[in-house]
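Protein chains in written order, with my numbering: chain H, 1 to 100; chain V, 1 to 170.
Don't read these hints as lab results, they were simulated from the structure.
Keep in mind that a hint or two might mislead.
What the hints assert, rightly or not - Residues from chain V shown here face chain H by an in silico Cβ test under 8 Å; the list is partial: (1) Leu22; (2) Ala31; (3) Ile73; (4) Ser93.
Stated by the list, open to error - Here are some, though not all, of the chain V residues that point toward chain H, as calculated from beta-carbon distances under 7 Å: (5) Leu48; (6) Ala54; (7) Leu74; (8) Leu76; (9) Val134; (10) Leu150.
Unchecked claim - Computed beta-carbon distance windows for the label pairs: (11) V:Ser6 to H:Ala95: 21 to 29 Å; (12) V:His159 to H:Ile9: 22 to 30 Å; (13) V:Val67 to H:Ile9: 27 to 35 Å; (14) V:Glu3 to H:Leu98: 14 to 22 Å; (15) H:Asn91 to V:Ala92: 16 to 24 Å; (16) V:Ser147 to H:His6: 30 to 38 Å; (17) V:Phe110 to H:Lys88: 31 to 39 Å; (18) H:Lys87 to V:Phe71: 16 to 24 Å; (19) H:Ala95 to V:Arg163: 16 to 24 Å; (20) H:His6 to V:Phe136: 47 to 55 Å; (21) V:Leu150 to H:Arg85: 18 to 26 Å.
Backbone N, C-alpha and C define an ideal beta-carbon position, used for all residues, glycine too.
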Amino acid sequence: MVELNHYLILSALLFGLGLIGFVVRRNSLIMFMSIELMLNAANLTFVACARHHVGAEGSVLALLVIAVAAAEVAVGLAILLALFRLKKTVNADEARELRA
Amino acid sequence: MSEALSFYFFGSIALLGGVNLLFCKNPVHGALFLVCSFLAIAGLFLGLNSGLLAAIQVMVYAGAIMVLFLFVILLLNLEVEPHQWMSPARVASALVAITTIGLVLQPFLFAPKPAVEAEPSLVVPPTAPNVAEVLFRQYALPFEVVSLLLLVSMVGAIHLARRPQRTEGV
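If we strip away everything but chain V, and leave its shape as in the complex, we get (with noise of 0.2 Å):
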C-alpha cells in the first residue's frame, strides 16, 4: 500500500518536471524542474528497494550533474530568447514523437492481463555488497570500459572546451 502511495506521488512529480522542462522559457527553470524530475527518480528507486542507486542518483545526477549544466548556463551568459511554437516542422516532429510513444506503451495498455501476477523472485536483494559482487566479478570488464570512456571524454571536454588562440603561441 505505502509503496503504491509513494509509486504514484513520486511518479506525478517526475512527469510534472518533464513537462514544465518542455514548456519553459528560461533553461535555468528548466534545469531547476529537471532536478525535481531526477529526485522523484531517486524516491522511484527507493521504492524499488534500490537505496544504493536513489543515493548515486542524488549525488552523481541532481548533484554533479544539475550543477555542470548551471555552471555552463551560467558562462552563456543567454537572452531569454523569444519562441515561435507553431512551426510546421516542429508539430510534424512532435507528432511523430508522439506516435512512436503510443506504439511503444500499445503492448502494455491493451495486452491481457496475466493470470497470476509473478511475485518477484529476489534472490538477489540490490544492496551495496550484491551489486559490488556481481559488478566486479561478473561485468568487471565493462567496468573497466567504462572508466576508460570517462577518461577519453575527460580529455575530449577539455580539449573542446579550450580556447584555440591559446595555443597558437606555444
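Next up, chain H with everything else stripped away, as it sits in the complex (with noise of 0.2 Å):
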C-alpha cells in the first residue's frame, strides 16, 4: 500500500520536469512534449486522489484531460506545421513578427 503523498511526489516531479523542458528548451516539438508530460502528472494526481478519497470522479477528470490533450496537440502541431512552411524552423525563438 503506497501512501498518497509518494504518488503526489512522483507527479509533481513529473510535472517539474515537464515545466523545466517548457521553458529551456526552443524547439517547438520538445515545448509540445513538455506540456504532455505536464498533463499526464496531472492525471496521474487525479488518479491517485481518486482511490485514496472518492471513487470514480479522479478518472472521469482523467478521462477529460486526455480528451483535452487531443485536441490541444492536433491544433498545436497544425500551427507547428504553419510555422514550418513560413520560417523553415520550429525553434521558438524565430517565431517573433510581433515584437516590437
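Assembly of the complex is requested from the two constituent chains, each provided in isolation within its own frame, with the hints serving as guidance.
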C-alpha cells in the first residue's frame, strides 16, 4: 500500500520535468512534448486522489483531461506545421514578428 | 508489497523518460522517451486499480498522440540543430522552474506525517461501468462540451494545416 504522498511527489516531479523542458528548450516539438508530460502528471494526481478519497470522479476527470490533450495536440501540431511552412524552422525564438 | 515494487519501478521509468526528454537532441528520440514515460504512467494507473484509464492511456497517448507527433516530425524533415545550453535566459528560467517545483514539493516533504494513514475508502472502484455511470449521469454536460471541443479543434487543425495557395482559385 503506497501512500498518497508518494504519488503526489512523483507527479510533482514529472510536472517539474515538463515545466523545465517547456521553459528551457526552444524546439517547439520538444516544448509540446513537455506540455504532454505535464498533463500526464496532472492525470496521475487525479487518479491517485480518486483511489484514496472518493471513487470514480478522478477517473472521469482524467478522461476529460486526455480528451482536451488530444484536441490541444491536433491544433498545436497544425500551428507548428504552419510555422514551419513560413519560417523553415521550429525554433520558438524565430517566431517573433509581433515583437517590436 | 507488490504495489510498492511496481510503484518504484514504473515511477523511476517515468522520471527517466522525462529527464531524457529534457536532454535529447533529436526530436524523434524525445518522442520515443516520452512513449516510455507514458507507458510507465499506464503501469502506475494499473497499480492504482484503474485498468480502464491504463488502457486508454496506452491507446490514446502512447498510440494516437505520439504517432501524430512522429508523423509531424516526419513531415517537417528537420536537421539536428546545434543548441547552446548556457545562455543566461535559459539558466534563469530553469532556476525559476526548479524553485516553483521546490515550493510545490515543500509541503509534502516537510509536513509532519499524519498519525494514522487513512485507509482508502473505495466506495466506488474505478471500473468501466462505474466510471461510465458517473460520467454519463453526473458529468454529462462536461462530456458534451468536450465532444464539441474535439469537433472545433478538428476543424481548426484542418484549417490551419491547409496550404493557403490552394484556396485562391476556388
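Verification of the hints:
| no. | hint | result |
| --- | --- | --- |
| 1 | Leu22 | 5 Å, holds |
| 2 | Ala31 | 7 Å, holds |
| 3 | Ile73 | 6 Å, holds |
| 4 | Ser93 | 4 Å, holds |
| 5 | Leu48 | 5 Å, holds |
| 6 | Ala54 | 9 Å, violated |
| 7 | Leu74 | 12 Å, violated |
| 8 | Leu76 | 5 Å, holds |
| 9 | Val134 | 4 Å, holds |
| 10 | Leu150 | 5 Å, holds |
| 11 | V:Ser6 to H:Ala95: 21 to 29 Å | 42 Å, violated |
| 12 | V:His159 to H:Ile9: 22 to 30 Å | 42 Å, violated |
| 13 | V:Val67 to H:Ile9: 27 to 35 Å | 31 Å, holds |
| 14 | V:Glu3 to H:Leu98: 14 to 22 Å | 50 Å, violated |
| 15 | H:Asn91 to V:Ala92: 16 to 24 Å | 19 Å, holds |
| 16 | V:Ser147 to H:His6: 30 to 38 Å | 35 Å, holds |
| 17 | V:Phe110 to H:Lys88: 31 to 39 Å | 49 Å, violated |
| 18 | H:Lys87 to V:Phe71: 16 to 24 Å | 20 Å, holds |
| 19 | H:Ala95 to V:Arg163: 16 to 24 Å | 19 Å, holds |
| 20 | H:His6 to V:Phe136: 47 to 55 Å | 32 Å, violated |
| 21 | V:Leu150 to H:Arg85: 18 to 26 Å | 25 Å, holds |
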